[in-house]
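Residue numbers (the working numbering), protein chains in the order written: chain A, 1 to 320; chain B, 321 to 884.
Don't read these hints as lab results, they were simulated from the structure.
Here the structure is a predicted model, which is why all the values come from computation and not from measurement.
Misleading hints may appear alongside valid ones.
To be verified - Some chain A residues judged to face chain B by a derived CB distance under 8 Å, without partners named:
#, residue
1, LEU41
2, ALA45
3, VAL173
All C-beta atoms, glycine included, are put in the ideal place defined by N, C-alpha and C.
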Amino acid sequence: MSKYILKRTLYALLTLWALATITFFIMRLLPGDPFIGDKALTATAKAAMNAKYGLDKPVGVQYLIFMGNLLKGDMGLSTHYNRPVNTIIAQAFPYSFDLGIRALVFAVIGGIFAGSLAALYRGTWVDTTTMIISIVGVSIPSFIMGALMQYFIALKLGAAVTGTAFAFLKLPVIGFTTGKHKILPAIALGFGSLATLARLTRTSMLDVLSQDYIKTAKAKGLSSAAITWRHALRNALLQVVTVLGPIAAAVLTGAFVVENIFNIPGMGKFFVQSVGVRDYSMIAGTTVFYGAFLVVANLLVDIAYGVIDPRIRLSASAKG
Amino acid sequence: MKRFATLLLVIVLSAGFLFAGCQQPAATDSTPAPTAEATEAPEVEATDPPATSAYPGTAAAGSVTFNLGSEPPKMSPILTTDTVSFTVLRHVMEGLTTLSQTDTVLPGMAETWDISDDKLTYTFHLRDAKWSNGEAVTADDFKFAWMTVLNPDTPAGYNYMLYVIKGAEAYNTGEGSADDVGINVIDAKTLEVTLENVTPYFLDLCAFGTFMPVNEAFYTQFGDQYATEADNMLYNGPYTMTAWEHESRIVMTKNADYYAADSIAIDELVGLMITDTNVAMNTFQSGEADMIGLNGTQAATMAAEGETVQSYSDASSWCLAFNLENKNMANMNLRKALTLAIDRQSFITNVLKNNSAPAFNWNPPAVNNGDVPFQSQLPNGGAYFKDADVEGAKAALELAKTELGIDSVTVELLTDDSDTAKLMAAYYQAGWKAIGIETTIVSVPFKDRLARQDSKEYEISSYGWGPDYNDPMTFLDIFVTGSGNNLIGLKSDDYDAKIKAAQAETDYEKRTQLLVECESMLIENFYLGPVYYRMRDYITSAKLQGVVRTGFQDINFRWATIAE
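Turn these sequences into a full structure, and let the hints steer you where they fit.
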């Protein structure tokens with residue numbers, strides 16, 4: 001097991017190095033530079049800016065400095081905000097994490113619940129409704145979902161209930177301060193993943209339900225609740241765990257736009273902005289940070305398989 | 321089973337979010353807002369009907385929420401160059417002078433000033449004013465800030481704004497010494513500034529963000545992280561920044577130590593950083609914001625609802641910039657044909673959908689020469705040519721073809737990749753097609769467009785310029801040979817000489833004559849093809865009155881009030 005983890009960790013580090021290197025060189029190919037603007041700079045100002053942000057050195061030297069600092073955990077100074085990228089990430093990531101976790105919890109609980117229901121009531125209206133909703137969920141991107149919910153729920157429903165006994169149903173359009181503020185962004189961000197999980201859970205649940213050991217359990221006279229929970233769902237969930245890595249990635253990247261729509265001060269706004277303004281340290285910093293986050297998430301999922309299902313660990317060690 | 325039950329419990333609890341808390345019921349029958357006070361109303365708003373709105377606005381008493389539109393990237397007055405940062409600075413800092421509702425100069429940190437007979441030396445007498453840490457604002461604070469901007473090692477994008485000061489450019493470019501810069505501290509309350517040339521707009525400049533004072537001791541404590549957080553900065557303006565949640569919102573609170581605190585009506589300003597116009601609209605309509613900007617379609621929707629849409633000129637001028645280094649664009653008649661063929665009024669009605677005005681010269685109506693709009697001093701009030709002059713365009717095109725020795729003309733138009741920019745380009749394309757010119761549109765990201773303009777890799781660019789200060793010179797001196805802003809690549813000894821003469825001219829009439837000649841030279845030769853002067857639309861809730869918005873003060877709440 002430890003050999004397996006060590007190998008996976010080495011791969012993860014290699015992935016991160018490649019990511020940082022490719023990002024570093026590709027972003028330099030973008031036309032324009034961080035300091036070009038509407039109004040021309042004086043030669044003095046331009047020279048001072050290049051010196052301050054280390055852009056006066058040859059690209060190769062810049063790369064070595066960048067990698068050296070990265071190893072020390074220092075992602076440099078943002079050219080756009082003039083603040084350390086580390087500080088910006090430290091301030092912004094908690095918001096993104098908070099939103100992401102809420103969306104994930106919503107997606108996982110909602111998805112498994114809806115998928116199980118659909119499987120247990122296969123062929124009935126419950127199944128049809130759940131699957132129609134999940135097709136819609138898979139098809140609509142989170143930013144459209146966010147915009148629609150903002151308009152129809154926060155604005156229109158909010159206006160309709162204002163002044164009535166249901167005024168407590170009014171949700172804020174933007175912000176991320178109170179629990180009420182977090183409902184719509186979390187749903188918008190999590191809905192697509194919820195739909196994916198619901199479909200997956202339904203399929204694997206149906207698969208499991210047709211297995212012989214379920215028939216045996218029924219023959220033993222176990223209650224249907226016990227069969228669902230102890231046998232069907234538990235085995236069906238194994239498949240669900242395998243997609244948690246990609247789902248986490250979908251939630252993270254979806255957050256870029258959802259944060260923008262709901263004016264949430266998370267990483268998304270900084271990440272999108274940084275490309276437009278050619279903020280090299282910010283582009284590299286956020287990319288490497290997100291890369292590291294995803295690589296670690298995938299690593300944990302990989303290790304989790306090994307723990308949950310010994311067959312995976314064995315086959316991996318056998319090959320390695 | 322227990323775990324499943326726990327999961328269910330979590331779901332129920334999550335749903336409980338919905339029922340948590342209780343929203344304060346907002347007033348459903350909003351009383352009509354009282355009309356804006358007519359006294360001291362700024363010129364721009366005098367023509368507009370007083371704003372009343374069916375939208376009551378935010379609930380918090382004494383507080384106003386507005387959309388800043390984006391994060392102020394750099395709040396240090398030494399480094400910053402962008403409109404949003406300057407808008408925040410306008411509220412939390414004050415220079416030697418400040419601007420009135422109509423952009424005229426008012427005393428600021430300087431209570432009075434004397435100007436020498438040769439108009440080259442200004443002596444400012446400072447009032448008793450305090451920084452937000454209780455220290456006095458002194459003449460040294462101004463000298464320190466200005467010298468830091470001019471220090472060659474400071475990455476200050478607007479350092480050239482201070483080049484009007486004697487010896488400033490020489491020091492900044494390494495050719496002179498700091499000791500020769502014309503900024504003298506006579507005593508703590510007296511600052512003497514000597515200028516390089518007569519600068520009629522110097523007092524306007526003193527109100528500009530780059531000319532703000534900075535407390536040296538406080539600045540040194542934070543070094544290059546000065547003004548990166550609300551607590552890393554000292555304030556001396558009508559407000560202080562009390563919270564800054566990056567990329568989300570800024571909170572400004574009335575500064576009780578401000579010398580005119582009694583005349584500040586609004587206790588708290590909350591600036592949101594919403595980039596998406598539709599989101600901003602939802603925010604306004606749900607009562608989470610009191611002022612937002614509107615795009616053309618939104619303005620039409622709000623007007624149809626019976627709302628009063630307000631407009632202001634941001635004093636920017638938009639044109640077709642022709643790259644004179646390009647063989648075809650070097651032909652005057654081709655530039656003329658391209659300029660005359662455009663139907664500006666129809667363009668504004670159908671593409672911009674706002675109150676922008678068709679342009680027939682370069683300097684916009686908002687720019688004054690002294691006390692008079694510069695445009696009124698131009699031949700025909702600035703109407704150098706006719707709108708949608710298709711016949712004139714066709715005639716010019718025929719001449720151009722003969723002169724260039726070609727049968728057909730294809731031009732390349734460089735634009736941003738925003739939706740509006742693409743629509744604009746398509747409109748130009750259609751207009752030129754009508755007179756027989758084919759157009760290739762090159763839509764690129766903003767920074768890409770700037771890079772191409774910079775390296776002259778374009779033929780025609782859809783281009784705009786906003787003023788740095790209220791004087792026609794800010795629109796004219798950018799086209800001297802070698803200027804970094806001279807995107808058209810104009811190289812005219814005559815033009816350069818006239819600008820230089822105007823910069824040194826002390827006589828108002830003679831200087832005006834020179835500026836008029838420069839403007840005429842730009843337009844009569846069609847070096848630029850003027851298209852429109854931009855107006856921006858916005859809306860305020862019934863709660864908010866009297867916000868000042870002009871080309872030189874994008875947003876100013878200094879004079880605003882909350883309706884009872």
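Outcome of the hint check:
{"no.": "1", "hint": "LEU41", "result": "holds (6 Å)"}
{"no.": "2", "hint": "ALA45", "result": "holds (5 Å)"}
{"no.": "3", "hint": "VAL173", "result": "holds (5 Å)"}
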